[in-house]
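Chemist: Sequence:
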Amino acid sequence: MRPSNRLSDATTSWRYIVKGDQYAERASNPDCMNAGVSFFSCVTTCAEVCCSGATMITIDEIVRLYRYFPITVGFRKYTPLDAGHRDFFDTIGERFGSIYVAGDFIAGNWRRRLCAMLMVNNHCRLHDTDRKPMQCRIVPFCAVFPESAQHMVLVHQQAGAFRKCKGFAAGSESGAIVWDAGRIVNEDIREPFYRYREGMVRQRRFLQAILDGLKQQPSFERFLSGSGMLEAAVPSAMLPELLRVAGMKKEHFGDFAAAQAKLCRRDLELTPGAAVFQDWLLELQAFARSLEVSAEGRA
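For the sequence shown, the numbering used here gives the first residue as 60, with consecutive numbering after it.
There's no promise every hint is true.
[Stated by the list, open to error] Straight line, CA to CA, 25 Å or less: simulated DSS-like cross-link-like pairs of lysine-lysine:
#1 K308 - K321
#2 K309 - K321
#3 K274 - K136
Hint data in this document are derived by calculation from the structure and do not stem from the laboratory.
In this text the structure is predicted, and so the values were computed from the model without any measurement.
My request is simple: use the sequences and hints to build the entire structure.
Modeler: Right under this line is the structure:
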């Protein structure tokens, strides 16, 4: 049983087990949760806290989600936890001194308070479909960090992005165990967790090319020395190969460009001045023109 994203289902609960000594030794803020056994249960009132405007996705989810979210790119800085974590970052990002910069595809608009997929009754319209993003399936776990370190992720989540979430207090001992002694034991969580990690490796060459282009901009140095995320649009020249690797048939490229442009315009109306959507709209328009020229050449 995975944590439900059907937010009215307060009966869905799961729990993870944390060994007390390991927890006290490695967690950055052990007071955030009780050492030993902690519980989580998704509750109705968390919609406005947990389901914010954007989520991370991989290249393998673009085909399923391009009609629902504007898809851009975001780069973040990470400090590896150990040698094994450093090896993983070597496969998905680039090292800058003691930190790594790794990118994701971003589905949605983080400037919006609520996810566009939440309906008026706080149900997610993607929950019971095969389109539900993998990150949403594993939240509050995070696949960027090792399976063995998810107890530390949960401490960070409860103290940060999920600090108002009532789910950590609502769990019960009857819930299914999900994480135990360094291992995700529930396959409904484990499978999307590792699929997400595999997707990050598959998309690396595209995101590295985008990152290489950003290095020449003044904003990149500010990003390295500051905090937050560095946003970017996918270059139009990259889109044919990116979409091919994502599994999209060429005859659907035009639909992709039209759907993404429509979503960009919607979000620019909701959050005027969002530069990443302005840039993405220009790239989509250039992509659409290239498709028209190609079609004329075949006529």
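Chemist: If you check each hint against the structure, which ones fail?
Modeler: Of the numbered hints, all hold.
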